[in-house]
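Visitor: Residue strings, one per chain:
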Amino acid sequence: MGEPSATEPEQRGDQAGDPVIDTRALTKRYRGGQLAVDGLDLTVPAGSVFGFLGPNGSGKTTTIRMLMGLIEPTSGTATVLGQPMPRATRAVLPHVGALIEGPALYGFLSGRDNLIRYDSADPAADPRTRKARVAAALDRVGLTAAAGKKAKAYSLGMKQRLGLAAALLQPRRMLVLDEPTNGLDPQGMREIRTLIRELASDGTTVFLSSHLLDEIDQVCTHAAVMTQGRLITQGPVAELSAGARGRLVVTTPDPAEAARVLKEQGVGDVVVTDDRVTGEPPDRDLAEVNAALVTAGVRVRGFTVERASLEDAFVALTGEGFDVAG
Amino acid sequence: MSQAEVVEPVRPVSPLWTFGLLRSELTTTFRRWRTLALLAVLAAVPVLVGIAVKMETSDGSSPGGGGGGPAFISQITNNGLFLVFTALAATLPFFLPMAIGVVAGDAIAGESNAGTLRYLLVAPAGRSRLLLTKYATVVIFCLAATLVVAVSALTVGALLFPLGDLTTISGTQISFAEGLGRALLIALAVAASLIGVAALGLFVSTLTGSGIAAMATTVGLLITVQILDQIPQLHALQPYFFSHYWLSFADLMREPVYWDDLAKNLGLQALYAAVFGSAAWARFTTKDITA
Chain C
1 MGEPSATEPE QRGDQAGDPV IDTRALTKRY RGGQLAVDGL DLTVPAGSVF GFLGPNGSGK
61 TTTIRMLMGL IEPTSGTATV LGQPMPRATR AVLPHVGALI EGPALYGFLS GRDNLIRYDS
121 ADPAADPRTR KARVAAALDR VGLTAAAGKK AKAYSLGMKQ RLGLAAALLQ PRRMLVLDEP
181 TNGLDPQGMR EIRTLIRELA SDGTTVFLSS HLLDEIDQVC THAAVMTQGR LITQGPVAEL
241 SAGARGRLVV TTPDPAEAAR VLKEQGVGDV VVTDDRVTGE PPDRDLAEVN AALVTAGVRV
301 RGFTVERASL EDAFVALTGE GFDVAG
Chain X
1001 MSQAEVVEPV RPVSPLWTFG LLRSELTTTF RRWRTLALLA VLAAVPVLVG IAVKMETSDG
1061 SSPGGGGGGP AFISQITNNG LFLVFTALAA TLPFFLPMAI GVVAGDAIAG ESNAGTLRYL
1121 LVAPAGRSRL LLTKYATVVI FCLAATLVVA VSALTVGALL FPLGDLTTIS GTQISFAEGL
1181 GRALLIALAV AASLIGVAAL GLFVSTLTGS GIAAMATTVG LLITVQILDQ IPQLHALQPY
1241 FFSHYWLSFA DLMREPVYWD DLAKNLGLQA LYAAVFGSAA WARFTTKDIT A
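So the protein lines, in turn, are chains C and X.
Heads up: the first sequence is residues 1 to 326, going by this note's numbering.
Heads up: the second sequence is residues 1001 to 1291, going by this note's numbering.
Quick caveat, the hints were computed from the structure, so don't treat them as lab data.
All C-beta atoms in this analysis are idealised placements derived from N, C-alpha and C, irrespective of residue type, glycine included.
Treat the hints with care, since some could be wrong.
[Unchecked claim] Between beta-carbon pairs, the in silico distance windows are: (1) X/Val1275 - C/Gln34: 29 to 39 Å; (2) X/Ala1236 - C/Lys152: 44 to 54 Å; (3) C/Gln34 - X/Arg1283: 32 to 42 Å; (4) C/Phe108 - X/Lys1054: 33 to 43 Å; (5) C/Gly32 - X/Ala1274: 29 to 39 Å; (6) C/Gly246 - X/Leu1132: 57 to 67 Å; (7) C/Ala153 - X/Ala1177: 49 to 59 Å; (8) C/Gln34 - X/Phe1019: 34 to 44 Å; (9) X/Ala1236 - C/Gly32: 36 to 46 Å.
[Stated by the list, open to error] Which chain C residues stay away from chain X? Per the calculated CB distances, all over 12 Å, these: (10) Ser75; (11) Asp122; (12) Ala125; (13) Ala132; (14) Gly235; (15) Arg260; (16) Ala292; (17) Val294; (18) Arg301.
Put together the whole structure using the sequences plus the hints.
Guide: Written out as structure tokens, the structure is:
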């Protein structure tokens, strides 16, 4: 097994801002010859909320499984919290809470007993505080009232919450959340987002994989994008979005005239839809553009620059839409 | 990101934590409806045998039609304690190993199938420890299943038939207390006979991600081996079949006890546990967990 004893005081990995996840040329080729992850160099800074994006089959889950020591890499290295995986699973994983590919529960056990079961499997979990920690985790995800119900009677959203509760049984240094809002209603999604922000403000690094670009845009400080086993880009979300420029949006009852003036003013890619005229903003001062519109007698109702979303950045990077597939 | 760098106290690891996992494993196993159903079936066998013998002998004739049926059946009417031996002899060839096969086959594959295996491993349970815990649980289930048969048989035997001193196979008399002691020894010998099947089932369980497939394979192997054990042409191989010395437990009813086959049985079970236990370990500790 090669598991170092978890009793040794292990060296802290994320001191001085060392990355909590660091992979070098991480590669996984399955036995069928399929290359799932291809030379991945991923760096997740400590304290970040890191969005991990990519269409289905892009190798996100395989990467997460390698980071969690469930799958042996074909080549390359992965360190988590400063220690090599999968060799140091016993020292590293007690500090990591994970929700991988949806929750998995014992249907014949109650929600509470499911958490007790998972907590018993953790060698670093103190059995004396188990009940209290289970109750706190249930409370945190809003499942206290349903704690005594058998898990098979849970809705998908409740199962998802219970899976999250399992990841929150201990104070964690990192949380790995694979599609955490799957199956939740909008209210539940908001709650989870709030929870993620709370955890992040406590200093927990959150590694979040999602197909909802919006979600990543709202909560993440950093992001990485994978397609076909390769990493296309990674970095702070602000920088990624900055790569794609925002669009100038003019709302007016005189769209034809507005479009003509905007072209004159150096606005590229002008598109007219009803009373909205949009285009790529020119390098010059936008106040002058607005003045030119008014001077030309265009009645302007609205004049704004819409910030580029991560989706725009993604489209700019891949030249394609984000394939949302569960 | 200042707070991420605050040094947390290193959580102490209790040396007894493995038993916490074992306790969790035992409660999880014994709270499963399927486990309870298996035990209920096992408990029902002595009841059926007891009632059948009672009905057959209510007219004064001897049971078993003079020599047929499981071992010791003709003695039950004289002494209810013999129902324990008869019930164990009746369940050992199939009912007991089938129950073990179901529990062992499901041990890893069932968790894998439900997806709970990945969460146990990231907890992190540790692969070797999880496997050892699973094996210990299956072995404890072997003992529990055997005791369920024995206790059910003793209860039914006491209710339907007289109890008292008994005659060994060698023809000597032993007291009822010593008879009870022998019954307990026999139950232990029967439970030990199942250790090989348990290891085999656990190994099969590490090969597949489907609990049902693992159970079916284990029970299928069990039936195959028992059939092969009846084919005279395979005489040279038969001493290596895990079921070959199963009925040696009857030797505990001899005076003095005839230990040869009992020892061979235990040795064979230990061999199976070592071979298939190692194979299961080699497989499970290197396996990619993709479910």
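Visitor: Now tell me, hint by hint, if it's right for this structure.
Guide: Each hint, compared with the structure:
no. : hint                             : result
1   : X/Val1275 - C/Gln34: 29 to 39 Å  : holds (33 Å)
2   : X/Ala1236 - C/Lys152: 44 to 54 Å : holds (51 Å)
3   : C/Gln34 - X/Arg1283: 32 to 42 Å  : violated (22 Å)
4   : C/Phe108 - X/Lys1054: 33 to 43 Å : holds (37 Å)
5   : C/Gly32 - X/Ala1274: 29 to 39 Å  : holds (33 Å)
6   : C/Gly246 - X/Leu1132: 57 to 67 Å : holds (59 Å)
7   : C/Ala153 - X/Ala1177: 49 to 59 Å : holds (51 Å)
8   : C/Gln34 - X/Phe1019: 34 to 44 Å  : holds (41 Å)
9   : X/Ala1236 - C/Gly32: 36 to 46 Å  : holds (41 Å)
10  : Ser75                            : holds (15 Å)
11  : Asp122                           : violated (4 Å)
12  : Ala125                           : violated (8 Å)
13  : Ala132                           : holds (15 Å)
14  : Gly235                           : holds (16 Å)
15  : Arg260                           : holds (50 Å)
16  : Ala292                           : holds (46 Å)
17  : Val294                           : holds (47 Å)
18  : Arg301                           : holds (44 Å)
Hint compliance for this structure: hints 3, 11 and 12 are not met, and every other hint is.
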